[in-house]
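Peer 1: From first to last, the protein sequence lines are chains A and B. Numbered according to the numbering used here, the first sequence terminates at residue 110, and the numbering increases by one at each position without gaps. Numbered according to the numbering used here, the second sequence terminates at residue 732, and the numbering increases by one at each position without gaps.
Any given hint could be a false lead.
[Unchecked claim] Think about it this way: if two alpha-carbon atoms lie no more than 30 Å apart in a straight line, the pair counts; the simulated DSS-like pairs of lysine-lysine are:
#1 B:LYS443 <-> B:LYS471
#2 B:LYS326 <-> B:LYS522
#3 B:LYS443 <-> B:LYS230
#4 B:LYS220 <-> A:LYS65
#5 B:LYS474 <-> B:LYS503
#6 B:LYS171 <-> B:LYS303
#7 B:LYS220 <-> A:LYS92
#8 B:LYS270 <-> B:LYS303
#9 A:LYS65 <-> B:LYS474
#10 B:LYS171 <-> B:LYS193
#11 B:LYS347 <-> B:LYS331
#12 B:LYS474 <-> B:LYS515
#13 B:LYS347 <-> B:LYS419
#14 B:LYS347 <-> B:LYS230
#15 B:LYS471 <-> B:LYS515
#16 B:LYS230 <-> B:LYS171
#17 B:LYS515 <-> B:LYS503
#18 B:LYS347 <-> B:LYS326
#19 B:LYS419 <-> A:LYS65
#20 B:LYS230 <-> A:LYS92
#21 B:LYS719 <-> B:LYS522
#22 A:LYS92 <-> B:LYS503
#23 A:LYS92 <-> B:LYS515
#24 A:LYS17 <-> B:LYS326
[To be verified] Stretches of chain B that chain A covers, calculated by requiring three or more beta carbons in the stretch to come under 8 Å of a beta carbon on chain A:
#25 230-239
#26 587-601
Think of the hints as simulated: they come from the structure by calculation, not from any bench. Glycine included, C-beta positions come from ideal geometry on N, C-alpha and C.
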Amino acid sequence: MTENTKKNDGIHHLSIKEDMTIYNAQTLKDTLLGQCHAGTRELHLDLSGVTELDSAGLQLLLLLKTEARERGFSLRLLRHSEAVIEVFELLKLGMYFGDPIVIPATWKKS
Amino acid sequence: MSDINPALETFAQEVEELLTAMEEALLGLDSNPDDSEAINSIFRAMHTIKGSSGLFGFDDVVAFTHEVETVLDQVRNNERAIDPELIAVLLACKDHTAQIIQHVLFNEALSLPEDLQQLGQALISQLTGSAESVASADDLPATQAEPADHFEVDSNTTDSSDNWVISLAFKANALRNGMDPLSFIRYLQTLGKISEVIVSLPPLIRLEDINPEDCYLNFKIAFNSNTDKKTIENVFEFAEDDCDIHILPPNSRQEHYLQLLANLPEDQFKRLGEMLIDIGALTDKEVSHILDEQRAAEQTDVKPMGEMLVEQNLLQQPVIEQALLKQEAVKQRINKESNYIRVDAAKLGYLINLVGELVISGAAMRLMVDKHGLSDVDDVASTMGDLVEDIRDTALQLRMVQIGETFTRFQRVVHDVSKELGKQIQLQITGGEAELDKTVVEKINDPLTHLVRNSLDHGIETPEQRLQAGKPEKGTIQLNAYHDSGRIVIQISDDGRGLDPDKIVAKALAKGLIKADQTLSKSEIYNLIFEPGLSTKEEASNLSGRGVGMDVVKRNIEALRGSVAVDSEVGVGTIVTIHLPLTLAIIDGFMVEAQQERYIIPLSMVEECVEMGSEEWLIDEVQHYVNLRGQVLPYLRLGDFFHNNKKHTQTKRESLVVVRFGEAKAGFVVDELHGENQTVIKPLGQLFENLNGIGGATVLGSGDVALILDVQGLIQHAKKRVGANLALTATL
Chain A
1 MTENTKKNDG
11 IHHLSIKEDM
21 TIYNAQTLKD
31 TLLGQCHAGT
41 RELHLDLSGV
51 TELDSAGLQL
61 LLLLKTEARE
71 RGFSLRLLRH
81 SEAVIEVFEL
91 LKLGMYFGDP
101 IVIPATWKKS
Chain B
1 MSDINPALET
11 FAQEVEELLT
21 AMEEALLGLD
31 SNPDDSEAIN
41 SIFRAMHTIK
51 GSSGLFGFDD
61 VVAFTHEVET
71 VLDQVRNNER
81 AIDPELIAVL
91 LACKDHTAQI
101 IQHVLFNEAL
111 SLPEDLQQLG
121 QALISQLTGS
131 AESVASADDL
141 PATQAEPADH
151 FEVDSNTTDS
161 SDNWVISLAF
171 KANALRNGMD
181 PLSFIRYLQT
191 LGKISEVIVS
201 LPPLIRLEDI
211 NPEDCYLNFK
221 IAFNSNTDKK
231 TIENVFEFAE
241 DDCDIHILPP
251 NSRQEHYLQL
261 LANLPEDQFK
271 RLGEMLIDIG
281 ALTDKEVSHI
291 LDEQRAAEQT
301 DVKPMGEMLV
311 EQNLLQQPVI
321 EQALLKQEAV
331 KQRINKESNY
341 IRVDAAKLGY
351 LINLVGELVI
361 SGAAMRLMVD
371 KHGLSDVDDV
381 ASTMGDLVED
391 IRDTALQLRM
401 VQIGETFTRF
411 QRVVHDVSKE
421 LGKQIQLQIT
431 GGEAELDKTV
441 VEKINDPLTH
451 LVRNSLDHGI
461 ETPEQRLQAG
471 KPEKGTIQLN
481 AYHDSGRIVI
491 QISDDGRGLD
501 PDKIVAKALA
511 KGLIKADQTL
521 SKSEIYNLIF
531 EPGLSTKEEA
541 SNLSGRGVGM
551 DVVKRNIEAL
561 RGSVAVDSEV
571 GVGTIVTIHL
581 PLTLAIIDGF
591 MVEAQQERYI
601 IPLSMVEECV
611 EMGSEEWLID
621 EVQHYVNLRG
631 QVLPYLRLGD
641 FFHNNKKHTQ
651 TKRESLVVVR
661 FGEAKAGFVV
671 DELHGENQTV
681 IKPLGQLFEN
691 LNGIGGATVL
701 GSGDVALILD
711 VQGLIQHAKK
721 RVGANLALTA
731 TL
C-alpha cells in the first residue's frame, strides 16, 4: 500500500506503508519505477510505515538510488522506520544514502 | 637430532624384543614356576631396559623398571617365591613398561601423564606390598605442556585494524530459496564486530531491468573477531548453495598460520590443501570447492591451487608460499628417507642363496664349454661369467654395512654417561670403515653396549682418582675395528683402573665358581668375568654391576661363531677383543687336494705356498713341525688328518700351504694346489655341525663337493700336537 502525492514543481512524495520484502517486491518495483520519469526532480520517500525490510527491499532501494543518479533527480529518504534503521546500521548504509536519519527516542535499541 | 634417531629406533626395537621375551618367560613360569632360566631372562629384560633407558635419560622408565628389577632380584635369589599373583602383576608391569616407553619415545620432553604415573605407582605397590618406595616417580613435576591449539589467538590479534574480510556473492535464487543475506549478517554480528560493509550491485544494472525476486546483492564485510575460520564459515553454512563465500583471514592470523606451518610435523607428505586445513587457514569446504573448480577448468589453463587461493582472496600470498616451502621440505626429507628400503632379511638371504647357486651353475657351464671346446659359446660364457661375478659382489654388498655407524652411536652414550657419573671420558673411534654383515652388526650392538657401559662405569676412574694415579684427568675409551684374515676384530679398550685378579678370584670363590686350591693363569682369571653372576662392583648402579651382562655378552658373541677375550693390567687399563666371522655366504677360496679329496682354504688366510722338498724343509715327523726359514712351524698333513685309517702313500711331490689366523701360523701339507676358486659356503647341516676342522662345504662346478677348512680349529690342533710332543721330548 503506497500513498502517492504529486506536486507540481516535480517533487514527488511517496509514503510506503507496507513491508519492503520479497513478497511484494514486484509491486514495489513497479510503484517505484513509476516515479522515475522525466518530470521528476525530487523523490521523497517516506519510510515510516516500513515495518520490515529484507534484502529484496533493500536492493530495490539501492537500485532506486542508482536510478535517481542516472536520471538526475534526487532521492530523499524520510522518516526511516526502526526496521530500516536497523538494516542501515547493520550495513553502514546511512552514508551511502546520505539522508539524515532521525532516531526516535522510543526506539527499543537506542 | 638425526644422529640420535637411529639409536632411539634401535632402543625401541630392543625394548620390544626384550618385552616379548619377558612375556614369554612369564607365561612359561605359570606352568613351570621353578624355571630359573626364565626368571633370569625376565630379570635381564628389566635390567637391560633400565640400563638403556638410563642412557637416553628416560628417568620415568628407569624409576619404574628399577623397582621391578629389585623385586625380580629377590625372586632370583630365592628371597621371594613366584606365584600366579606375582606373575600377573609382572605381566601388568611389562605392559606398563611398554606404555611408558611409547610415551617417552614420542613425547621426549613431556613428563608422564597423570594416569600412567598412577598406574605405575599402583603396580609398584602391588609388587612391593608398600607404597613408600615409589617416591622417585612422585618427584617428577606434573607439568603438562599444552598442545598447539589452532583456536588460540595471541593477544595482539585483537588489533582494531585487524579484520577478516568476508566476501559474499549471492546467487539469483537466494531470496526465492528463503535466504535473506541480512539475517546471516545479523548472525555474524553475534561472533564479533562488523567494522565495515560494502554492499555492491552488479554494474550497469537498472531498476527497470531487474526481477525484484532475484538477488543481486554482493557484500564485502570487514569483520573483527577472534573466532576461527571454520566458525565463520559455519555462519553461512545454510547459504553455501546460494552464495559464493570467501573468507580471507586477517593479517595477524597470517603470522599465526605461518607459525603453525612451521610447527607442522614433517613426518608425512601432505597436499597443500591438507596442510592449510590442518592449520585452520582453509576449511574443508573451501578446499573441495577449489579442487572442483580446478577439475572443471580447461585442461590447458589449470592453475596451481596456491594461485587460485590468492586470486579468490581465500588466503594471503605469504601463507601459501610458506606452505609450499614446507611441503617441499617435507618432500625432500621423505625422499631422503625413502632412499633406503627396508627389506626382510629372509628375502635377502634367499637372494644370496640363489646367487650362490648361480655361481655354481656358472662354473658348471664354464666347465662344459671348455670340455667341448665350443669357441663360439666361449664369448657368451665369459660375458655371463663376468655378470655373475658382478651380481655376486653386489648381492653381498647389500648385506655389508660399515661398523662406523654402530660405533658413533656410543658417542652420545659416552657423553651422557660420563656426565651422569661425574667423569671425564672421551671416545676414540678407529676403523669405522670396516665392513661386516648386517646381521652381525645388529647382533653385536648389544654386547658392545654392555662392554662400553662396563668400561664407563667400572673401568674409568673419577678425575680425582686419575690425577692421583698420575694419569690424565680425562679418561679414554677406544673402539677399534679391523679386518684380519677374513674375520673382523673389534676392540674395546680403556685406560682405566683395570681388572683386579685378586678380587675376581675372591668373588669367584664366594660364588663357588672355582675351588680354593685351583691355580689359574692370568687369562683364565680374566675369563671368569664372563661367568654368570660375577661382578666385582659392590653396589649395583643404573648402568651395570648386577653381574648380568658379561655372560650374555659372551653367549651372544659365541652365537655368532665369534670369540671374546679380555686382557688387563691393574692401573693401566682393560682391553676386550672380539673376533667375529664376516659370515660371508660366498668367499674367495684356495683349493687344494689331498688324497684325492678337495679342500678349500679361505684365501684371506693363506699366507704362502711352498714346494715341499722333505730334504730341504726338515720335516720332523715325530715332533710335527717343519723348519720354515729357521722358524718352527707346526704342520698338519691334511690327507692323514682327514683319512686317519688310510695308509699315507706318497706318490707325488707335496706342497706346504702356510696359513695364518691372528698371530698363529701353521702349515698344511697337501698333494696338489688347484688355485683360487669362488666358493659358495653351504652349511653342513646339523649332523656334521661339530665336525673337527671343517667349517662348511661347497659345490664345485663339476658337481663335486669340496670341504671348507676351519683354519682356526686346525691351527689349534696342529699346535696341540707340537706342544704335546715337545713336552714329551722334554721329559725324556
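Peer 1: Which hints from the list above does the structure break, by number from lowest to highest?
Peer 2: 1, 2, 3, 9, 12, 13, 14, 15, 18, 19, 22, 23, 24, 25 and 26
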